[in-house]
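**Student:** Sequence:
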Amino acid sequence: MTSILIILAGFIAVGASGPNSVLSVSPSEEYVCGDADGSGSINILDVVFIINYLYKGGQQPADTIAADVDGSGSINILDISGIINYLYRGADLNCPEHPSTLPSVFDLRYYDGHNYVTSIKSQSGGTCWAHGTMAAIESNLLMTGAWADNGESGEPDLAEYHLDWWNGFNDYYNADADPPTGQGIEVHYGGYYLMADAYISRGDGAVRDIDAQSFSSPPDYRSDDYHYYYVRDVEFYIAESDLRNIDTIKQKIMDYGAIGTAFLSDDAYMQNYIHYQPPYDPYELNHAVAIIGWNDNLVTQAPEPGAWLCKNSWGSGWGYSGYFYISYYDKYCCQEYQLGAVSFQNVEPMKYDIVHYHDYHGWITNFSVTSYEAFNAYTASANERLEAVSICTPDDDVDFTVRIYDTFADGQLSDLMAEVSGHYEHRGYHTIDLPTPIMISGGNDFYIYYYTSYPGLPYDCSHDVPTLLGSDQRVWVPSKSEPGQSYYKSGGVWHDLYDYDNSANFCIKGFAVNIGLKVLPSGGLESEGPSGGPFEPDNISYSFSHKYDNSINYEVTVDPSIDWLTLDGDISGSLAPNTPAEVTVTINANAAGLCEGIHHGRVYFTNLGDTYDNTMREVILTIGTPTVRHEWTLDTDPGWTCQGEWAFGQPNGYGGYLGWGVDPDSAHTGDNVYGYNLDGNYPPYLPPTHLISEAIDCTNLFKISLNFWRWLCVDGWGIGYLAISTDGSEWTTIYNPGSLLDDKWNETEIDISEYADFQPVVYLRWTMEVNNATHVFGGWNIDDIQIKAIYDSTQILTIPPAVMINDR
Numbered sequence: 018m019t020s021i022l023i024i025l026a027g028f029i030a031v032g033a034s035g036p037n038s039v040l041s042v043s044p045s046e047e048y049v050c051g052d053a054d055g056s057g058s059i060n061i062l063d064v065v066f067i068i069n070y071l072y073k074g075g076q077q078p079a080d081t082i083a084a085d086v087d088g089s090g091s092i093n094i095l096d097i098s099g100i101i102n103y104l105y106r107g108a109d110l111n112c113p114e115h116p117s118t119l120p121s122v123f124d125l126r127y128y129d130g131h132n133y134v135t136s137i138k139s140q141s142g143g144t145c146w147a148h149g150t151m152a153a154i155e156s157n158l159l160m161t162g163a164w165a166d167n168g169e170s171g172e173p174d175l176a177e178y179h180l181d182w183w184n185g186f187n188d189y190y191n192a193d194a195d196p197p198t199g200q201g202i203e204v205h206y207g208g209y210y211l212m213a214d215a216y217i218s219r220g221d222g223a224v225r226d227i228d229a230q231s232f233s234s235p236p237d238y239r240s241d242d243y244h245y246y247y248v249r250d251v252e253f254y255i256a257e258s259d260l261r262n263i264d265t266i267k268q269k270i271m272d273y274g275a276i277g278t279a280f281l282s283d284d285a286y287m288q289n290y291i292h293y294q295p296p297y298d299p300y301e302l303n304h305a306v307a308i309i310g311w312n313d314n315l316v317t318q319a320p321e322p323g324a325w326l327c328k329n330s331w332g333s334g335w336g337y338s339g340y341f342y343i344s345y346y347d348k349y350c351c352q353e354y355q356l357g358a359v360s361f362q363n364v365e366p367m368k369y370d371i372v373h374y375h376d377y378h379g380w381i382t383n384f385s386v387t388s389y390e391a392f393n394a395y396t397a398s399a400n401e402r403l404e405a406v407s408i409c410t411p412d413d414d415v416d417f418t419v420r421i422y423d424t425f426a427d428g429q430l431s432d433l434m435a436e437v438s439g440h441y442e443h444r445g446y447h448t449i450d451l452p453t454p455i456m457i458s459g460g461n462d463f464y465i466y467y468y469t470s471y472p473g474l475p476y477d478c479s480h481d482v483p484t485l486l487g488s489d490q491r492v493w494v495p496s497k498s499e500p501g502q503s504y505y506k507s508g509g510v511w512h513d514l515y516d517y518d519n520s521a522n523f524c525i526k527g528f529a530v531n532i533g534l535k536v537l538p539s540g541g542l543e544s545e546g547p548s549g550g551p552f553e554p555d556n557i558s559y560s561f562s563h564k565y566d567n568s569i570n571y572e573v574t575v576d577p578s579i580d581w582l583t584l585d586g587d588i589s590g591s592l593a594p595n596t597p598a599e600v601t602v603t604i605n606a607n608a609a610g611l612c613e614g615i616h617h618g619r620v621y622f623t624n625l626g627d628t629y630d631n632t633m634r635e636v637i638l639t640i641g642t643p644t645v646r647h648e649w650t651l652d653t654d655p656g657w658t659c660q661g662e663w664a665f666g667q668p669n670g671y672g673g674y675l676g677w678g679v680d681p682d683s684a685h686t687g688d689n690v691y692g693y694n695l696d697g698n699y700p701p702y703l704p705p706t707h708l709i710s711e712a713i714d715c716t717n718l719f720k721i722s723l724n725f726w727r728w729l730c731v732d733g734w735g736i737g738y739l740a741i742s743t744d745g746s747e748w749t750t751i752y753n754p755g756s757l758l759d760d761k762w763n764e765t766e767i768d769i770s771e772y773a774d775f776q777p778v779v780y781l782r783w784t785m786e787v788n789n790a791t792h793v794f795g796g797w798n799i800d801d802i803q804i805k806a807i808y809d810s811t812q813i814l815t816i817p818p819a820v821m822i823n824d825r
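In short: position in the sequence shown from 1, add 17, done, that's my numbering.
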């Protein structure tokens, strides 16, 4: 014992200088084996505390089980050596199982007299994962009060379908893909929680329901009017088959609100709205929900009692008013590595203007090369104040160090600007505030370094998605990387991650505030009207401010050649920090003399002391009224391409079935039409057969619409549709009415400006197609075809580019 005390005396002499003694992350309120002094962490002070208790009559540990690290049932000298061996030799601790102080029944809806669960929703499509995510985030907003503190009314209500459309993993939009559409998960058909984390961590969401909730069509990607919410921490837990971590999950629910989970939804596993899938069952999970509580005593189909209380997204008419239970012993709930138990914590209104990231898809996998160090290189996009960074910790109980460097040269990082070290108990995504924000000038490079004590650096790369909540597909999601973005250290040398995987980037982000001149709204003025006016809208107001330490001198101007714009308000002067100024841009009376067409102007916002701040806003004035520019009355044959039984001629009133779906007996005007089989019905089977127009010149035309008169008789087995092309090879369907049995001529107008504006060649193609029809009808008849548009007669104004124009 003497020798042990001599060794301990040496440790006491150095006090709290051990490697794990200084933690900048707030300590957990959970029970920590080895935490004798109750600080929330294990360090050399716990050794001193036990020595003082055993040998100097000091205070007894408040939690004697936490101090009993050798599991002997008492506190003794072996507990001292056990902690030392843990701290400095990597040995394990072996405290007795800690008796739970958590309630046996808990419900966030009735927690200390408060409800921390938002209303039940009813999902459309395979969007359960988005609803599970938002249910957890909304619950956290209720617990912290951040929603109400941000001036919002009612309960937190976030837009699941904005996440569903713009998560970046689907075939509708992936900013890393070229083109950004056509690859990935089918929209509305599944996702998972790390997709939501990627979307939120790069600043694309979350947004409010009233901002951007649209299932049938995509809501706007971004808007100055959206209210954004940021999730600072996302943690992942596993209860384990023996439930040894179940108290951790319960405590997280009590501390941070509902957590996301997933399971296999199937009636075979559900009895009285209690779900249980045995661990040996081979079938995979398919549905996401949120856990809002538990009942330790609830008898389920499992061998042992106990179940999680869950919030579903199938409406309040399902289950127990929208809620149900999942057994503690379910195969997936709180057991699956990525989807079993996910906590969204410390949600706050988005306070950063700039998110620096290369990992568009976030945490996809862990780096297989043994490396503990990485960094990402960034260039400041504005004069900015870097305030925080984010990292992903790849495992539980990970120490980290984050540093900001100003220089990377000759294979070395140098000019240290900031450093933060700490410890995270749980695997996940974490945001770390810098001790002091760093001012970085626009255009300057900086480097965010990350050390992790676990050798599995999280990174993004092109990947095959194996598990989708709502889909059975396996799909390829491409990611993008460039040389010089991400580096890892191996063998004492920095290596470019691009050379290892040319689609990969490490999950290291930076969060900054733009301190330079910021102008809102971010969009320009788009106005239109007939020749001579009036033009609507005829004005727009811009607010601008900055966050420098001192006042700046500025001016707001328009192009000297533009006499149809007037500026009013704070157009020049000195602007103090955080003091908004305002200028109004108005289309004046001179615009009445402008010719028909599209007119362009620019409004410049200039910081006279720093050209990097300079920015501009576009003004687009569209003058004119669409009129007929091309017309085919079909009095004579225009010579269009007719395939199969398409023909030019007089309709005869033939065809149909039992008097339904008969062809017209006369044209809309004149004598002739284009039609499919003017003498009767289409056949029971017909491959796509076309009427193709001549090449139509739309070079100087815009706001183009197609007008024609239609007599179409189809029932869905027979279909008639219309497509457009600019090269005669690639076609886009612009009209498909489905089942339609016309009994008179009907006018049809289609906006084709998206495809035809300013195109030198445009083709139109009407198609007849039949798929094993039981009944056949008259099909297509068309007459009096027109292209309406505005003719752009302007000389396109060439405006010289401004110096250092930035998107602000």
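Hint data in this document are derived by calculation from the structure and do not stem from the laboratory. The beta carbon of each residue, even a glycine, is placed where N, CA and C say it ideally should be. Honestly, I wouldn't trust all of these hints.
Heads up, simulated DSSO-like pairs for lysine-lysine below, C-alpha to C-alpha not over 30 Å straight-line [claimed, not checked]: (1) LYS535 x LYS506; (2) LYS720 x LYS564; (3) LYS535 x LYS368; (4) LYS564 x LYS497; (5) LYS564 x LYS368; (6) LYS761 x LYS720; (7) LYS805 x LYS720.
The following label-pair restraints were derived from C-beta to C-beta distances [what the hints assert, rightly or not]: (8) GLY107 x TYR238: 42 to 50 Å; (9) GLU172 x TYR290: 38 to 46 Å; (10) GLU436 x GLY162: 55 to 63 Å; (11) SER683 x LEU758: 14 to 22 Å; (12) GLU635 x GLY755: 37 to 45 Å.
**Student:** Please go over all the hints and tell whether each is borne out by the structure.
**Tutor:** Quick rundown of the hints versus the structure:
For the given pair, LYS535 sits about 38 Å from LYS506 by alpha-carbon distance, which is inconsistent with the 30 Å threshold. Taking the CA atoms of LYS720 and LYS564, the gap is about 42 Å. The hint is violated against a cut of 30 Å. For the given pair, LYS535 sits about 14 Å from LYS368 by alpha-carbon distance, which is consistent with the 30 Å threshold. The hinted pair formed by LYS564 and LYS497 fails the criterion: a straight-line CA distance of about 34 Å is larger than 30 Å.
Taken as a hint, the LYS564 and LYS368 pair is honoured in the structure, with Cα atoms around 14 Å apart against an allowance of 30 Å. For the hint linking LYS761 to LYS720, the alpha-carbon distance of about 29 Å falls within 30 Å, and the restraint holds. A hinted pair counts as satisfied when its Cα atoms are at most 30 Å apart, and LYS805 with LYS720 qualifies at roughly 8 Å. For the pair GLY107 and TYR238, the supplied restraint of 42 to 50 Å holds, since their beta-carbon distance comes to about 48 Å.
Judged by the Cβ atoms, the range 38 to 46 Å given for GLU172 and TYR290 is violated: they are separated by roughly 24 Å. A hinted range of 55 to 63 Å is violated for the C-beta pair GLU436 and GLY162, which are about 33 Å apart. Roughly 18 Å separates the CB atoms of SER683 and LEU758, a value that falls within the hinted 14 to 22 Å. A beta carbon spacing of about 40 Å between GLU635 and GLY755 agrees with the range 37 to 45 Å that was offered as a hint.
The structure fails to meet hints 1, 2, 4, 9 and 10 from the earlier list, while all remaining hints are met.
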